[in-house]
Amino acid sequence: MTVAGGATSSGTGHPAPAIQLRGINKRFSPVHANRDVNLVVPAGTIHGIVGENGAGKSTLMSILYGFYQADSGVIEVGGQVCPINSPEDALAAGIGMVHQHFMLVDVFSVLENILLGAEGGPLLAPGMAAARKEIARLEADYGLEVDPDALVGDLAVGLRQRVELLKALYRGANILILDEPTGVLTPQEADRLFEILRAMRDRGVTVILITHKLQEIMAITDNVSVMRAGQMVAHRETAQTTREELAELMVGRKVLLRVEKSVAAPGDALLRADGLSLIDAAKVTRLDGVSLDLRAGEIVGIAGVTGNGQSELLEVLSGILPPSRGRFTVHDRAIDQDHPCTPEEMRDLNLAHVPEDRQRMGMISAFAAWETAILGYHCDPAYTGPILLKTNAIIDDTDGKMARFDVRPADPQLTSDSFSGGNQQKLVLAREIERQPDILLVGQPTRGVDIGAIEFIHQQLIDMRDAGCAVLLVSVELEEILSLSDRILVMFEGRIVGEVAAADADARIIGLMMANAHEKAETEGAAAHG
Amino acid sequence: MGEDFLLIILTFDATIRVSVPLILAALAGLIVERSGVIDIGLEGKMLAAAFAAAAAAYATNSAWLGLGAGIVASVLLALLHGFACITHRGNQIVSGVAINILVSGLTVLLGISWFSLGGQTPPLTGDARFKSLTFPGAEAVRDIPVLGPIYSELLSGHNILVYLAFLTVPMVWWLVYRTRFGLRLRATGENPAAVDTAGISVIRMRYLALILCGILCGIAGSYFSTGHGAGFLREMTAGKGFIALAAMIFGKWRPVPVLFACLLFGFLDAIAIRLQGVELPLIGEMPVQFIQALPYILTVVLLAGFIGRAIAPKASGVPYVKEH
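Going down the list, the protein sequences come from chains A and B.
The first sequence begins at 1 in the working numbering and counts up by one.
The second sequence begins at 531 in the working numbering and counts up by one.
In short, the hints are calculated from the structure, not lab data.
Beta carbons: idealized from backbone N, C-alpha and C, even for Gly.
Please note that a few of the clues may not be correct.
[What the hints assert, rightly or not] Listing some non-contacts, in silico: residues in chain A with all C-beta distances to chain B over 10 Å:
hint : residue
1    : V40
2    : P42
3    : P148
4    : Q188
5    : T238
6    : A239
7    : E248
8    : R253
9    : E434
10   : G448
11   : D504
[As the list claims (entries may be wrong)] Calculated cross-link-like contacts (lysine-lysine; reagent style DSSO-like; alpha-carbon spacing at most 27 Å):
hint : chain 1 : residue 1 : chain 2 : residue 2
12   : B       : K782      : A       : K283
13   : A       : K283      : B       : K844
14   : A       : K213      : A       : K254
15   : B       : K844      : B       : K782
16   : A       : K261      : A       : K213
Produce the entire structure from the sequences given, and follow the hints as far as they go.
Structure representation (structure tokens):
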């Protein structure tokens, strides 16, 4: 075994890998999160790690970053055994990490955030001056422009991510771990990020990219490792593999990546919105004159970057919030600020809602599955007598739902939070879909859901459409919108900025609409087509 | 004019005296809350320090040793709070309230058992108290109009803890905004996960903040019994720890506004003392109880409506647990 000096030493022969993990094990009491994991990441490459939610990717990276300690196993950095017991050790070994949820202080400036933990002395002033220079250099080298004096809380998500990258580079990281970095980005921002990552690789930085998006793996990585159920199941050179193979390795069986569906046959408009606006308590306009029609037998997809009014649109249409201006009709019932309609009345109008955040709005974590399975419909005489709940009937009913929707484990007595994300979502879907609504509002149906369950959930939505239900689908996963929708509306800053028929939908154009830069793009696009 | 002016000066003078423990305690609260720990036990720490300082000063006949004992008592309680709610992630409010109740009983119990004076300590005299410092020339300039009384009454003639308290304001400001410790402290209160991933121990930061809080509360408590007063009386802190918390919120967790909030509350207190037994035009003599309640009523009014939105450090009151 050779011992190389630095992690990026590119001397003669075989340089030591930037990272080598051997036999990593980690248990969180009942869960064996990492089981004998081995991994070799060659220096100066972009290495992808894919796996479903709960496959143990994040745990593995947290161990590498010293956030958790492995129960057993060896970490080598640059060919040398390097015990990493804290983020401090990881930083000292040149490992930086950009977490999925940014580790930034909103009320601090960019500069203060970068300085935190690398202040360069007990007083701030000298360190700040030095940091300004260094940041200017890093910005120029990697194309990471950001105003060092801006307050992080005021920055867009893409810029915050740059602050995270700068933070890692400022500490001299030459191995960079990114955990699901594109989840919150528009396709264009993601492309920009990939350019930056390539620039880093060209300067000898080793990048480890954790993601569940296979197209990103194919687009940018040199090598890819697949995790399933806590184990490393395969290592591939990206050029030698395909999305289909990776998906199969992740799930352990063949998976349909594209949903099969027939052409829609839309009927009458069941829900019509006319100029809906919502102004929140802080006087911020969240929805701005949204008009749309939702017809029976079609799926309308709402695309957009998180936080552009999609959540508010769902909340208004489901009766949770009354609109500040404008009106909408559900069947023949007109709803506006002076004539609000509660979510309960909405259910009576045969409108069902699968909320975006199932943990917060779709279920109650501490409730048993059978309780979650009737939330909102608990006054149905099938479930309750005049005083007492018909517990046995509800449990039988839940048993049936669990069987039909393949919820595992199929035990109605377990608390709701003991199910995985996908199974929770299937339970919530079962609750709403089995009422056979005419109108179904669905938010982020596959967020935190593994690939196998995604396939099932998508099929359920298509089946609802084919049965004549009007489906409104809100998702930040553009791929999901593209594969399910019959019509696509794009939201930006509370407005609908574009509408595209599914047949001529183009991810690039929609991506530009999501950043509200499509007018320019349309002309470019026309030029490209012409 | 002379009489009225002197009266105003004396009211300000009293304001300064009663503001001292408020300033120290409010800054103590500011430091811990900036680190993400709520400390409702400022009151208890001050009371314990007041008792420890008086007892030690009586036993050793040294105000300085008394101050040391007060600080030690207060820091120990701060560490107890830390052990409960940082190490064991207990509820911070419950821990603070428990400390307040514990101290309220314990000081009286120990007082009776050691001194048999119904919970008080014997009166402190001589070196067992902090003496007033007279500035050079204070007597000589006393008769110069305006500036004379300001110098000799308002600025001169306080004990050293008073000056220390006012010095603490710029010191805390500098610590919080100009040092590495301060940057980390503020970050810990806003987003402890960011601090943790930057390779800094959140637990260590919070304990350090609590120790600083203990020291400041220790000085504040010692001031009650060995500076402002001459001996310990049961419940002698009289809710000042809570008023200090109010001043901290009123000052929006920033040292200089907190100072002014403390001075305002101190001023209300000073006026209340002045107004007792005074015949006011139209109203007549104000009931003593109303005047005594005035600072608290105004506290409620000010907190309810006049300060706008007070945004606490985001992670304040939340025990830090690594996410899984």
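Distal placement of V40 (chain A) relative to chain B, Cβ over 10 Å
25 Å, holds
R253 (chain A) remote from chain B - nearest C-beta pair above 10 Å
Since the minimum Cβ distance to chain B is about 28 Å, R253 (chain A) lies beyond 10 Å and the statement holds.
Could you grab the alpha-carbon distance between K782 (chain B) and K283 (chain A) and see if it respects the 27 Å cut-off?
Answer holds: K782 (chain B) to K283 (chain A) is near 23 Å, not above 27 Å.
Sort out whether K844 (chain B) lies within 27 Å of K283 (chain A), counting only the CA atoms.
Holds - the C-alpha atoms of K844 (chain B) and K283 (chain A) are around 22 Å apart, at most 27 Å.
Minimum C-beta separation from D504 (chain A) to chain B exceeding 10 Å: can you confirm that?
Non-interface label on D504 (chain A) holds, nearest chain B Cβ at 42 Å vs cutoff 10 Å.
E248 (chain A) clear of chain B by more than 10 Å, beta carbon to beta carbon?
28 Å, holds
Determine whether the non-interface label on Q188 (chain A) survives the test: each CB of chain B must be over 10 Å from its CB.
Check passes; 27 Å lies beyond 10 Å.
Hint consistency between K844 (chain B) and K782 (chain B) [alpha-carbon to alpha-carbon, up to 27 Å]:
13 Å, holds
Non-interface claim for G448 (chain A), where every Cβ of chain B lies beyond 10 Å:
Its Cβ never comes within 10 Å of chain B, the nearest being 14 Å, so this holds.
Do the alpha carbons of K213 (chain A) and K254 (chain A) lie within 27 Å of each other, as the hint requires?
17 Å, holds
Assertion that P148 (chain A) lies farther than 10 Å from chain B (Cβ)
Fine: 15 Å to the nearest Cβ keeps P148 (chain A) off the interface.
Beyond 10 Å from every chain B Cβ - status for E434 (chain A)
33 Å, holds
In terms of the numbered hints stated before, the structure departs from none.
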